[in-house]
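Enquirer: One-letter residues, chain by chain:
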Amino acid sequence: MKGVSKIILVVVIVIILIGALAVYFSMAPTPKEEVVTIKVAAPAGYHAESIKVALEFWEKEYPNIKVELSTFGYHDLYEKIVLSMREAKAVYDVIQIDDPWMPEFGEAGWLANLDELAKQYGFEIDYDDFVDTALWVGRHPYKTGPQLALPVCGNVELTAYRKDLFEKYGIPHPPKTWSEVLAAAKKISENEPEVYGTVMRGMRGNPIVSNFLPVLWAFGGRIIDDKGNAVVNSPEAIEALKVWLELAKYSPPGIESFSSDEVKAYLYSGKAAIATEVWPGWVGKLDDPTVSQVVGKVEVCVPPGEKTSPAPMIGVWLLGIPHNSEHKKEALQFILFLTSKRIQKLKSLYTGYPPTRKSVYEDETVVNKYRWYPVQLEALMTSRPRPRITQWAKVESILGLYLSKALIGEMTPEEALNAANKEITEALKG
Amino acid sequence: MRRKEKYLSLFFLLPSLLIYALLIIYPLYETIHLSFYKYRYIEKKIEFVGLRNYEKLLSYELFQKAIINTLVFDVMATSLQLLTGFTLALIFSKSFKFRPIFLPLAILPMVMPAAVVCSIWKLMFDYRFGILNNILASIGLPRLEWLTNPHLAMISMVIVDTWQYTPFVFLVLLAGLQSIPRELYEAAMVDGASKFDIFKSITLPLLMPHIKIVVLLRIIDTFKIFTKPALLTGGGPGDATETLTLFFYKEAFRFFELGTGATVSVIVTVIVGVLSILYLKRVRL
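Residue numbers (our numbering), protein chains in the order written: chain L, 1 to 430; chain V, 1001 to 1285.
It should be emphasised that the hints constitute simulated quantities derived from the structure, not laboratory data. Treat the hints with care, as some may be off.
[As the list claims (entries may be wrong)] Calculated cross-link-like contacts (lysine-lysine; reagent style DSSO-like; alpha-carbon spacing at most 30 angstroms):
(1) L:Lys143 <-> V:Lys1044
(2) L:Lys39 <-> V:Lys1045
(3) V:Lys1097 <-> L:Lys422
(4) L:Lys422 <-> V:Lys1195
(5) L:Lys422 <-> V:Lys1044
(6) V:Lys1056 <-> L:Lys422
(7) V:Lys1044 <-> L:Lys429
(8) L:Lys227 <-> V:Lys1045
(9) V:Lys1038 <-> L:Lys242
(10) V:Lys1097 <-> L:Lys429
(11) L:Lys341 <-> L:Lys369
(12) L:Lys143 <-> V:Lys1045
(13) V:Lys1212 <-> L:Lys89
(14) L:Lys60 <-> L:Lys429
(15) L:Lys249 <-> V:Lys1065
(16) V:Lys1224 <-> V:Lys1097
(17) V:Lys1044 <-> L:Lys227
(18) L:Lys80 <-> V:Lys1224
(19) L:Lys329 <-> L:Lys358
(20) L:Lys429 <-> V:Lys1038
(21) V:Lys1045 <-> L:Lys80
(22) L:Lys329 <-> V:Lys1044
(23) L:Lys39 <-> V:Lys1044
(24) L:Lys422 <-> L:Lys176
(25) V:Lys1038 <-> L:Lys80
(26) L:Lys358 <-> L:Lys176
(27) L:Lys80 <-> V:Lys1044
(28) L:Lys89 <-> V:Lys1045
(29) L:Lys186 <-> L:Lys60
(30) L:Lys163 <-> L:Lys307
I would like the entire structure built from these sequences, with the hints used as guidance.
Expert: And the structure:
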């Protein structure tokens, strides 16, 4: 009896095994076209959100190119892509670049020439539709060099103000000069005890510098002149800083640590009359009653001028391909996809992501949703980039420190800018 | 025979010595080596500059301020954490009604990520909307510029760090308190010792080893303060909260000046090393 049950057991096992193998082979995939995976590094937050929207379409249209998206905080992203490009083998095939990083990457020869790639693989880049100023920062040398990256996020600095309050006190709007802004801030804060005249970013580092630059430029000041010398202590710059400090007096207490969150909080709660510096990503929900207490009351305008015409600061993000990427063709396809008119429009409609193509800014459906887009396009077209130098990170850090010292009154405007100029000169020597 | 034993013990030590050399000695050597060079990582330019990095840094005002700030922060934070942690440990060493509920709550801050802690505190410190100022205002006190008054900003950092790391001190000291034998207290009470005498002659001396070690750990850890100034103030206002690690981070990973970065690390290592050795000599663990 024992022998029989043993035989039955063996037979059963063999049958099960054969069955399992048959099922396995019938399920094994038939060999398909090769699938390529490209790795993309992008900043977290609204940038990543917009890419995720685009990816839903990408995955349907390009099933053979898988995209692996890694997102990082601002400084982490810089660190990661620098390390990736510096080494022999690329970690990323597509990287998103903040425009001040371009001179450094361009100088190091780390980015592939997009025109050459397009020629090699038979793609066409439709340059006419892009906003020129955004294209220029993607070239190295600036404006004249080869295109090393395509602009994907048309960020530009804007000014936002409470139209209802301007009208209530008979102040002409939009303000054309910083002096007008100052006068308006004074008048409104004197008459409206609940509202601060201005709200500005005063946190040391990038925020305070970004906030100050448009004022500096409007007064004709510069950080670095055409010959590459530091000139941030010029009389124009000192005058600009004095006006900027005056503007700061009408800001809420604590602006010395304000960054985007605080500015947004004051703007959306209607507690500030003028936000001297806002970015497209911050104002997208001003007309959304669930988050905004000032629906329809806030107007966005091109930042004012003063001695020169307005000079909004450009802050576009670009997409580039590291020189050491092994999937340049697929990377270029992805970049062309993300910057295409159709996808830019979708990203804008779904997430409010600022486009870089004129046709999207002028698109009727898009403008219906974001009424300030014509202004944004105007600002972008007249915008100015930060100095095109490889040492910008350091220069910004130095200027940020001394502006902060001037803001807390530890130094006079003259002392602060003289000290900054001295250190920036030192930093430029390398 | 003895010699053989000695060699044998050395042989058994070899693996850990190798790991130590690989993970500690070699990087340390490389860092010191690098500190004599000017090395811009992005441009791949390396140039021997001798002691010039040290000279430049030590005469740089912001760096001097960073050293002072870090030391001030270290002393303030460590002492405050010891005080609050000790008090909490004394409270929790007795059993009381809601102890099982409060104990995990008291430890909660320590397990939270620093970035979360900073976001919470940034909201609480806010001049207008923050809960701290709202409380002050409701009892008729003036609102404070927690993060933006240059004299107050560092104290605010200390408050946040204390809030987060008091539980660590508290846990170590609580464990210490619970390891003191009950009999000692009973004997003292039989002898008619007062509560203060018991604390002074039994609790404190027997807890001393724990206090010493926890203070050393906090001195070293608070020296590395980074997230709080980086996220709450950016080192500002002015240079009020610039710390050594923040300075190091900017040099090494934002400007990619690896030579300068290495120099900062060497200086930090020397300062922490000297402090620890002095401390160890003094307290004799």
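Enquirer: All hints, please: hold or fail.
Expert: Results of checking the hints against the structure:
Between Lys143 (chain L) and Lys1044 (chain V) the alpha-carbon distance is near 26 angstroms, which keeps this suggested pair within the 30 angstroms criterion. A C-alpha spacing of about 29 angstroms is found between Lys39 (chain L) and Lys1045 (chain V), which places the hinted pair at or below 30 angstroms, so the restraint holds. Restraint check for Lys1097 (chain V) and Lys422 (chain L): the C-alpha separation of about 64 angstroms exceeds 30 angstroms, so the hint is violated. Taking the CA atoms of Lys422 (chain L) and Lys1195 (chain V), the gap is about 63 angstroms. The hint is violated against a cut of 30 angstroms.
Distance restraint check for Lys422 (chain L) and Lys1044 (chain V): the Cα-Cα separation of roughly 26 angstroms lies within the 30 angstroms cut-off, and the hinted pair is therefore satisfied. Restraint check: the Cα-Cα separation between Lys1056 (chain V) and Lys422 (chain L) comes to about 15 angstroms, which is no more than 30 angstroms; the hinted pair holds. With a C-alpha separation of about 17 angstroms, the suggested pair Lys1044 (chain V) and Lys429 (chain L) falls inside the 30 angstroms cut-off, and the hint holds. Using a Cα cut-off of 30 angstroms, the hinted pair Lys227 (chain L) and Lys1045 (chain V) holds, with the two alpha carbons roughly 24 angstroms apart.
Of the pairs offered as hints, the one joining Lys1038 (chain V) and Lys242 (chain L) is violated, with about 37 angstroms between alpha carbons and a cut-off of 30 angstroms exceeded. For the suggested pair Lys1097 (chain V) and Lys429 (chain L), the alpha carbons sit about 68 angstroms apart, so the restraint of at most 30 angstroms is broken. Pair hint Lys341 (chain L) plus Lys369 (chain L) holds up; C-alpha atoms about 17 angstroms apart against a cutoff of 30 angstroms. Proposed proximity of Lys143 (chain L) and Lys1045 (chain V) is supported: the alpha carbons are some 27 angstroms apart, at most 30 angstroms.
Of the pairs offered as hints, the one joining Lys1212 (chain V) and Lys89 (chain L) is violated, with about 49 angstroms between alpha carbons and a cut-off of 30 angstroms exceeded. This hinted pair does not check out: Lys60 (chain L) and Lys429 (chain L) have alpha carbons roughly 51 angstroms apart, beyond 30 angstroms. Using a Cα cut-off of 30 angstroms, the hinted pair Lys249 (chain L) and Lys1065 (chain V) holds, with the two alpha carbons roughly 27 angstroms apart. Taken as a hint, the Lys1224 (chain V) and Lys1097 (chain V) pair is broken in the structure, with Cα atoms around 38 angstroms apart against an allowance of 30 angstroms.
Between Lys1044 (chain V) and Lys227 (chain L) the alpha-carbon distance is near 25 angstroms, which keeps this suggested pair within the 30 angstroms criterion. Between Lys80 (chain L) and Lys1224 (chain V) the CA atoms are separated by roughly 22 angstroms; this keeps the pair inside 30 angstroms, and the hint holds. Between Lys329 (chain L) and Lys358 (chain L), the direct Cα distance comes to roughly 26 angstroms. Compliance with the 30 angstroms bound is thereby established for this hinted pair. Our distance criterion of 30 angstroms between C-alpha atoms is met by Lys429 (chain L) and Lys1038 (chain V), whose separation comes to about 13 angstroms.
Of the pairs offered as hints, the one joining Lys1045 (chain V) and Lys80 (chain L) holds, with about 20 angstroms between alpha carbons and a cut-off of 30 angstroms not exceeded. For a cut-off of 30 angstroms, the pair hint linking Lys329 (chain L) to Lys1044 (chain V) stands: about 28 angstroms separates their Cα positions. For the suggested pair Lys39 (chain L) and Lys1044 (chain V), the alpha carbons sit about 25 angstroms apart, so the restraint of at most 30 angstroms is met. Proposed proximity of Lys422 (chain L) and Lys176 (chain L) is contradicted: the alpha carbons are some 33 angstroms apart, above 30 angstroms.
The hinted pair formed by Lys1038 (chain V) and Lys80 (chain L) meets the criterion: a straight-line CA distance of about 22 angstroms does not exceed 30 angstroms. Taking the CA atoms of Lys358 (chain L) and Lys176 (chain L), the gap is near 24 angstroms; set against the 30 angstroms cutoff, the hint holds. Taking the CA atoms of Lys80 (chain L) and Lys1044 (chain V), the gap is about 17 angstroms. The hint holds against a cut of 30 angstroms. Simply put, Lys89 (chain L) and Lys1045 (chain V) have alpha-carbon atoms about 20 angstroms apart, close enough for the 30 angstroms limit, and the pair holds.
Between the alpha carbons of Lys186 (chain L) and Lys60 (chain L) the distance comes to roughly 55 angstroms, so the proposed pair goes past 30 angstroms and is violated. As the CA atoms of Lys163 (chain L) and Lys307 (chain L) are separated by approximately 25 angstroms, the hinted pair is consistent with the 30 angstroms bound.
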